[in-house]
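Heads up: the sequence lines are chains A and B, in that order. If you read the first sequence in our numbering, its first letter stands for residue 1, the second for the next number, and so on. If you read the second sequence in our numbering, its first letter stands for residue 1001, the second for the next number, and so on.
It cannot be assumed that every hint is accurate.
[Claimed, not checked] Sample of chain A residues with no beta-carbon within 12 Å of chain B, all distances over it, derived: (1) Q80; (2) A96; (3) K193; (4) G233.
[What the hints assert, rightly or not] With a straight-line cut-off of 30 Å between C-alpha atoms, the simulated DSSO-like cross-links for lysine-lysine are: (5) K201(A) / K1351(B); (6) K1023(B) / K201(A); (7) K1193(B) / K351(A); (8) K228(A) / K201(A); (9) K351(A) / K1351(B); (10) K1009(B) / K1129(B); (11) K1342(B) / K129(A); (12) K1201(B) / K1225(B); (13) K225(A) / K201(A); (14) K1333(B) / K132(A); (15) K201(A) / K1201(B); (16) K1342(B) / K342(A).
[Said to hold, decoys possible] Simulated DEER-style distance windows between Cβ atoms: (17) D215(A) / R1211(B): 28 to 36 Å; (18) S122(A) / G1166(B): 35 to 43 Å; (19) Q1022(B) / G74(A): 44 to 52 Å; (20) P12(A) / E1081(B): 37 to 45 Å.
If you're looking for bench data, these hints aren't it; they were derived computationally from the structure. The beta-carbon is built from N, C-alpha and C at its ideal position, and this holds for glycine as well.
Spelled out, the chains give:
There are 2 protein chains.
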Amino acid sequence: MNLESVISKIEPLKAEYFELAQKRLDILTKPRGSLGRLEEFARRLVAIYRQEMPALPRKAVFVFSGDHGVAEEGVSAFPQEVTPQMVYNFLSGGAAINVLARHAGADVAVVDVGVNHDFGESAGLIRAKVLKGTGNISRGPAMSRDDALKCIGIGYEIAMDYSNRGFGMFATGEMGIANTTPSTAIAAVITGKSPGETTGKGTGIDDASLRKKIDVIERAINVNKPDKNDPIGVLAAVGGTEIAAIAGLCLGAASAGVPVVVDGFISTAGALIAYCLCPTVKDYMFGAHRSQEPGHMAMLDFIGLSPVLDLQMRLGEGTGAAIAMTILDASLKIYREMATFKDAGVTDSGK
Amino acid sequence: MNLESVISKIEPLKAEYFELAQKRLDILTKPRGSLGRLEEFARRLVAIYRQEMPALPRKAVFVFSGDHGVAEEGVSAFPQEVTPQMVYNFLSGGAAINVLARHAGADVAVVDVGVNHDFGESAGLIRAKVLKGTGNISRGPAMSRDDALKCIGIGYEIAMDYSNRGFGMFATGEMGIANTTPSTAIAAVITGKSPGETTGKGTGIDDASLRKKIDVIERAINVNKPDKNDPIGVLAAVGGTEIAAIAGLCLGAASAGVPVVVDGFISTAGALIAYCLCPTVKDYMFGAHRSQEPGHMAMLDFIGLSPVLDLQMRLGEGTGAAIAMTILDASLKIYREMATFKDAGVTDSGK
Chain A
1 MNLESVISKI
11 EPLKAEYFEL
21 AQKRLDILTK
31 PRGSLGRLEE
41 FARRLVAIYR
51 QEMPALPRKA
61 VFVFSGDHGV
71 AEEGVSAFPQ
81 EVTPQMVYNF
91 LSGGAAINVL
101 ARHAGADVAV
111 VDVGVNHDFG
121 ESAGLIRAKV
131 LKGTGNISRG
141 PAMSRDDALK
151 CIGIGYEIAM
161 DYSNRGFGMF
171 ATGEMGIANT
181 TPSTAIAAVI
191 TGKSPGETTG
201 KGTGIDDASL
211 RKKIDVIERA
221 INVNKPDKND
231 PIGVLAAVGG
241 TEIAAIAGLC
251 LGAASAGVPV
261 VVDGFISTAG
271 ALIAYCLCPT
281 VKDYMFGAHR
291 SQEPGHMAML
301 DFIGLSPVLD
311 LQMRLGEGTG
321 AAIAMTILDA
331 SLKIYREMAT
341 FKDAGVTDSG
351 K
Chain B
1001 MNLESVISKI
1011 EPLKAEYFEL
1021 AQKRLDILTK
1031 PRGSLGRLEE
1041 FARRLVAIYR
1051 QEMPALPRKA
1061 VFVFSGDHGV
1071 AEEGVSAFPQ
1081 EVTPQMVYNF
1091 LSGGAAINVL
1101 ARHAGADVAV
1111 VDVGVNHDFG
1121 ESAGLIRAKV
1131 LKGTGNISRG
1141 PAMSRDDALK
1151 CIGIGYEIAM
1161 DYSNRGFGMF
1171 ATGEMGIANT
1181 TPSTAIAAVI
1191 TGKSPGETTG
1201 KGTGIDDASL
1211 RKKIDVIERA
1221 INVNKPDKND
1231 PIGVLAAVGG
1241 TEIAAIAGLC
1251 LGAASAGVPV
1261 VVDGFISTAG
1271 ALIAYCLCPT
1281 VKDYMFGAHR
1291 SQEPGHMAML
1301 DFIGLSPVLD
1311 LQMRLGEGTG
1321 AAIAMTILDA
1331 SLKIYREMAT
1341 FKDAGVTDSG
1351 K
């Protein structure tokens, strides 16, 4: 992957497809605009697919997994060993994302980009390890610039591969104990908000640990001094392997003309990096849900995404994105399957 | 149906089922509480079904249909003939509710309680006409007290019948040109807010028509002087046949121990009447979505329901409820299908 070449080829959506979709939406048997955001989603999907009547897409959720050196600072409620344990849980189909992906009719692919564990071959696992965990960002960089680019490349290549195999909708997901810490650091650096405003309790730490986590994030920013105008530098300084791969998946989705449903807090940190590299990727992104993490809305607002759902979730894995995909499917079904005023013999008031 | 006897038999949910559900949710492979409202929904469904491990329910959406004399005041963007036209559209499967019910795996039953049109027999149509449209509420009552009770009885009997036939989740829906007008009158009378605060543009009237609509609703209240402590009287004075039937469906669902997903503005007016008759029915209700009508949240707040979705919809028919049913299904699947920490060999932090 050549990043500059990838970015140069990402095309903004065309107004003509929005107009085409609007024309159809306006002859369906309902008052104009009365399906609200379902109509908004349908218009954008038509524009992304560049097709007047897109088929229901094949869907995949990618659970990018990586470990974080900063876990040793005690910023998570769970020990680092849980990252590989949960990868095995994903592979055997028992995690929340497996349940919700089945609910959405989506495949799950687990991607080891940076887990501190050696996995054997396994159906459903993409082995693409760049690092066995990042460095402790409170003491130094997460990884080298080169490794950050490698992780982005992995996400990008997976997007290309799945697009070539006929998948037409992607969801981001992730697993990595302590990964709200680098995500919060990214949120703070890029949006300019303080760690005090953007740091939350992640998977469930107490108030004392929250204060420590804020301190760790402040140190990470002071030690590494990331430049917010250099997104790759931000990733290398205070990011994570799975976060970088999510940025790559977003770039790949936009390159391939595939919508990408961005899950919650950690996924949005990855999406934010992709947006900073190439603002046009936003056209291909849907914000799945509003996470309980306080820094999440700051990032969504920065990108300009309005979340589909607010179910007070804070699990990650892609769980919010899987549910949001069912809503996007519903929007396409409305667009495809509803009768027109003319065909149904219903009087159109024009309103 | 004997209303007092029905009400006396509706039982509040039992704390022990919430505790049972919480115990299971807390051993599943996710941080405690991290699935947010999905966990809330699962707990309540377990309590409604009074079963430790409820099956995925068979689902039905009921589209109660009726006409409104007040349509002659020009309060709707659509002419009254659209009510029967849309009923035919429901029966041939082309309306938004048909698409979204299929998406949710739910049956659609259309119920003629008060349409000003003679329908023949048709698959999917329940013929239970009480009136050929209500009276013009800006000049007198919508219907007699006896007719309001008959309409409630129809909703109640349908709930009982479908429960006996093995359906385990109901959604309310409705069709009736001008029916935001009686619904707004009900909202104003019961919540004590003024028609100026609670009146919206329905299916899409302009500002001049909105002022007229507010005036019509104020006149309806002044002419009929409904007593908010007499819910049947409110229905008879300023209600509608479909709104009364929805109140009956809610009472029937609670009697039968079946959850009822309350759609948007008009459905919530019906649910509000049921709640005023018997506050315990709230235990069995889910508020599907936040409608664009300004009086909707006032009613949901009055009942104490927090909507599942906010997709800026304002169509009715049961469309929001159909989508919300897919989220409730997701919550039950999480509860049923996720692996436990022990079975998956994942370390439980207890948080």
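Outcome of the hint check:
no.	hint	in the structure
1	Q80	violated (10 Å)
2	A96	violated (5 Å)
3	K193	holds (23 Å)
4	G233	holds (32 Å)
5	K201(A) / K1351(B)	holds (11 Å)
6	K1023(B) / K201(A)	holds (22 Å)
7	K1193(B) / K351(A)	holds (28 Å)
8	K228(A) / K201(A)	holds (24 Å)
9	K351(A) / K1351(B)	violated (52 Å)
10	K1009(B) / K1129(B)	holds (27 Å)
11	K1342(B) / K129(A)	holds (28 Å)
12	K1201(B) / K1225(B)	holds (24 Å)
13	K225(A) / K201(A)	holds (24 Å)
14	K1333(B) / K132(A)	violated (34 Å)
15	K201(A) / K1201(B)	violated (42 Å)
16	K1342(B) / K342(A)	violated (58 Å)
17	D215(A) / R1211(B): 28 to 36 Å	violated (57 Å)
18	S122(A) / G1166(B): 35 to 43 Å	holds (40 Å)
19	Q1022(B) / G74(A): 44 to 52 Å	violated (28 Å)
20	P12(A) / E1081(B): 37 to 45 Å	holds (44 Å)
Consistency note: the structure conflicts with the earlier hints numbered 1, 2, 9, 14, 15, 16, 17, 19.
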